[in-house]
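Chain A is fixed; fit chain B onto it per the hints.
Read top to bottom, the protein sequences are chains A and B. For the record, in the first sequence the residue sitting at position 79 is 79 according to our numbering, with numbers rising by one throughout. For the record, in the second sequence the residue sitting at position 73 is 73 according to our numbering, with numbers rising by one throughout.
In case anyone wonders, no lab produced these hints; they're calculated from the structure. A hint or two may mislead.
[To be verified] Only pairs whose alpha carbons sit at most 20 Å apart, straight line, appear in this in silico EDC-like list of lysine to aspartate or glutamate:
1) A:K67 x B:E235
2) A:K67 x B:E278
3) B:K237 x A:D77
4) A:K67 x B:E273
5) A:K67 x A:E11
6) A:K45 x A:D77
7) A:K45 x A:D63
8) B:K237 x B:D209
9) A:K67 x B:D228
10) A:K67 x A:E44
11) A:K36 x B:E235
12) A:K67 x A:D6
13) A:K36 x A:E25
14) A:K45 x A:E81
15) A:K45 x B:E239
16) A:K67 x B:E268
17) B:K237 x B:D249
18) A:K67 x A:D77
19) A:K36 x B:D228
20) B:K237 x A:D37
21) A:K45 x B:D228
22) B:K237 x A:E44
23) A:K45 x B:E235
24) A:K26 x A:E11
25) B:K237 x B:E168
26) B:K237 x A:D75
27) B:K237 x B:E191
28) A:K45 x A:D29
29) A:K45 x A:D75
30) A:K67 x A:E81
31) A:K67 x A:D37
32) A:K67 x A:D9
[Claimed, not checked] Ranges of calculated distance between the beta carbons of each label pair, as one might list FRET restraints:
33) B:E334 x A:D6: 49 to 59 Å
34) A:D77 x B:T60: 43 to 53 Å
35) B:S110 x A:F13: 51 to 61 Å
We put the beta carbon where it would ideally sit given N, CA and C, even for glycine.
Each chain, letter by letter, is given below.
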Amino acid sequence: MTHYYDQHDLERFGSIGENVPELAEKFFDYYGAVFKDGALTAREKALIALGVAHAIQCPYCIDSYSKDCLRKGADLDQMTEAVHVAAALRGGASLVHGIQMRNRAEKISM
Amino acid sequence: MTDPVARSAPGDKAGPATRSLRARRLPLAEAPNQLATLQALPLAREVEDALAGAGLWPLTPSGIEVLQINVGKVCNQACRHCHVDAGPDRREEMTRETMERCLEVLAATSIPLVDITGGAPEMNPSFRWLVEQIRGLGRRVMDRCNLTILETPSHRDLPEFFAAHEVEVVASLPHYARLSTDRQRGDGVYERSIRALGRLNAVGYGQGDPRRRLALVTNPVGAFLPGDQVALEREWKRELERRHDVSFDALYCMTNMPISRYLEWLIESGNLEAYLAELVASFNPSAAAGVMCRSTISVGWDGTLYGCDFNQMLELPVRGAPAHVRDFDLAALERRAIAVDRHCFGCTAGAGSSCGGSTA
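Just chain A, same shape as in the assembly:
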């Protein structure tokens, strides 16, 4: 193994169940149920997943949900907006900690 991420590892995701299969089965059943049409459509869930994939920076998830969003009828504008939501949240999460910085700085400053 010369690198940490391999595109083809995604196809082998199921092999995680070769050990402790009962947990893998519960996980994959749950995973499948999460993405079904419900109060949110499967397409809306795919766009959320795409945003989350960028927030957690998972290349497997980005691969998988880019394709899934397209299949479910999203276009590149909608997918880009989903990524901006992730970027806004990540950026905002950093920036809002600036208040903590200000609190601390004000506490110890004259």
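Just chain B now, kept in the frame of chain A:
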């Protein structure tokens, strides 16, 4: 046959997405080269084996219910995914004489539905005559329309013509938003398509009247299978209503076939092997049982008979029955084994794909 106005509506930034393989004199313009390209791929199994596993080998007709007539390869558009390699430069057109042979077939059989396709079928000079004759025989007519043709000066009255003859309009629109539509079909296509849909609505199409039925067809804009047809139709109806106050009756999701210009794009984008592997891995026995070639005979512009429009473009005519419309033998056609090759994995993948959308 090219109508230059078709590509220069006022206010549109217009231009075709590409040019035909034929115009570019590429080897891939020849059907045997397309078949050889597919044959060279490493596949997990052959379509014959997959069909046999589903109890469908040899693949046989289930009863011919549709006569599909491809009246030519001339088109005002040149879409990047076109399996016909149609475009403004093409000259192949069905003659009035060959159309008369098709009408004789209808008169001699009880085939209830005629599916007219192209190219842009409306550009054939005998298109309206053909529609009138078929309707005179009491058969249903479906026109596969690219929408933008309705915005050209010589075809602007087609919505009224369709309505007068109760033609079912099956119109191509890859997406309800501009971005993907223009990427596949050319700049300005989206605007003109939406205008054409509005004019179809204005004469009563797309509002639940079976005599004014308007279906939209979407092909994925890329190397992936279409999504769930029911879910997509719901979203499309909502979005086209919200954005443009446009309505339609049904959405058909069709898988792109690895043929002609879509095949060219798959090769150039490095997606061919993975796409074919996905088609093979997604083989669905239920979809296979409902493939359209089991209920269709497809007539080429020169009168040659095929199992479907895809076999037509790959020049795989019917075998085991006379292969020209002048010798049409319904009983022999219904007894024959349908010609298949690797491209057939496109119709059997996932929820299936036919001229009427998903099959499973």
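Okay, the hints, checked on the actual structure:
For a cut-off of 20 Å, the pair hint linking K67 of chain A to E235 of chain B stands: about 18 Å separates their Cα positions. For the proposed pair K67 of chain A and E278 of chain B, the alpha carbon gap of about 12 Å is at most 20 Å, so the pair holds. The straight-line distance between the Cα atoms of K237 of chain B and D77 of chain A is roughly 19 Å, inside the 20 Å bound, and the hint therefore holds. Annotation: proposed proximity of K67 of chain A to E273 of chain B holds, straight-line Cα distance about 16 Å (limit 20 Å).
The straight-line distance between the Cα atoms of K67 of chain A and E11 of chain A is roughly 14 Å, inside the 20 Å bound, and the hint therefore holds. Only pairs whose Cα atoms come within 20 Å are accepted, and K45 of chain A paired with D77 of chain A is accepted, the gap being roughly 16 Å. Distance restraint check for K45 of chain A and D63 of chain A: the Cα-Cα separation of roughly 16 Å lies within the 20 Å cut-off, and the hinted pair is therefore satisfied. Only pairs whose Cα atoms come within 20 Å are accepted, and K237 of chain B paired with D209 of chain B is accepted, the gap being roughly 16 Å.
As the CA atoms of K67 of chain A and D228 of chain B are separated by approximately 14 Å, the hinted pair is consistent with the 20 Å bound. With a C-alpha separation of about 14 Å, the suggested pair K67 of chain A and E44 of chain A falls inside the 20 Å cut-off, and the hint holds. For the given pair, K36 of chain A sits about 16 Å from E235 of chain B by alpha-carbon distance, which is consistent with the 20 Å threshold. Pair hint K67 of chain A plus D6 of chain A holds up; C-alpha atoms about 17 Å apart against a cutoff of 20 Å.
Restraint check for K36 of chain A and E25 of chain A: the C-alpha separation of about 17 Å stays at or below 20 Å, so the hint holds. A C-alpha spacing of about 14 Å is found between K45 of chain A and E81 of chain A, which places the hinted pair at or below 20 Å, so the restraint holds. Taking the CA atoms of K45 of chain A and E239 of chain B, the gap is about 18 Å. The hint holds against a cut of 20 Å. Under the criterion of a C-alpha separation no larger than 20 Å, the hint pairing K67 of chain A with E268 of chain B is consistent with the structure, at around 19 Å.
A distance of roughly 9 Å separates the Cα atoms of K237 of chain B and D249 of chain B; the hinted pair therefore holds under the 20 Å criterion. Taken as a hint, the K67 of chain A and D77 of chain A pair is honoured in the structure, with Cα atoms around 14 Å apart against an allowance of 20 Å. About 12 Å separates the Cα atoms of K36 of chain A and D228 of chain B, which keeps this hinted pair within 20 Å; it holds. Only pairs whose Cα atoms come within 20 Å are accepted, and K237 of chain B paired with D37 of chain A is accepted, the gap being roughly 17 Å.
The suggested pairing of K45 of chain A with D228 of chain B holds, with an alpha-carbon distance near 14 Å, which does not exceed 20 Å. For the hint linking K237 of chain B to E44 of chain A, the alpha-carbon distance of about 16 Å falls within 20 Å, and the restraint holds. Using a Cα cut-off of 20 Å, the hinted pair K45 of chain A and E235 of chain B holds, with the two alpha carbons roughly 14 Å apart. Taken as a hint, the K26 of chain A and E11 of chain A pair is honoured in the structure, with Cα atoms around 19 Å apart against an allowance of 20 Å.
For the proposed pair K237 of chain B and E168 of chain B, the alpha carbon gap of about 18 Å is at most 20 Å, so the pair holds. Our distance criterion of 20 Å between C-alpha atoms is met by K237 of chain B and D75 of chain A, whose separation comes to about 16 Å. In summary, the hint linking K237 of chain B to E191 of chain B is supported, as the alpha carbons are separated by about 17 Å, within the 20 Å threshold. With a C-alpha separation of about 16 Å, the suggested pairing of K45 of chain A with D29 of chain A holds against the 20 Å cut-off.
A distance of roughly 15 Å separates the Cα atoms of K45 of chain A and D75 of chain A; the hinted pair therefore holds under the 20 Å criterion. Among the hinted pairs, K67 of chain A with E81 of chain A is consistent with the structure: their alpha-carbon atoms are about 16 Å apart, no more than 20 Å. For a cut-off of 20 Å, the pair hint linking K67 of chain A to D37 of chain A stands: about 18 Å separates their Cα positions. Simply put, K67 of chain A and D9 of chain A have alpha-carbon atoms about 16 Å apart, close enough for the 20 Å limit, and the pair holds.
A hinted range of 49 to 59 Å for the beta carbons of E334 of chain B and D6 of chain A is consistent with their spacing of about 51 Å. For D77 of chain A and T60 of chain B, the hinted distance range of 43 to 53 Å is satisfied, since their beta carbons lie about 46 Å from each other. A beta carbon spacing of about 52 Å between S110 of chain B and F13 of chain A agrees with the range 51 to 61 Å that was offered as a hint.
Consistency with the previously given hints is maintained throughout, with no hint failing.
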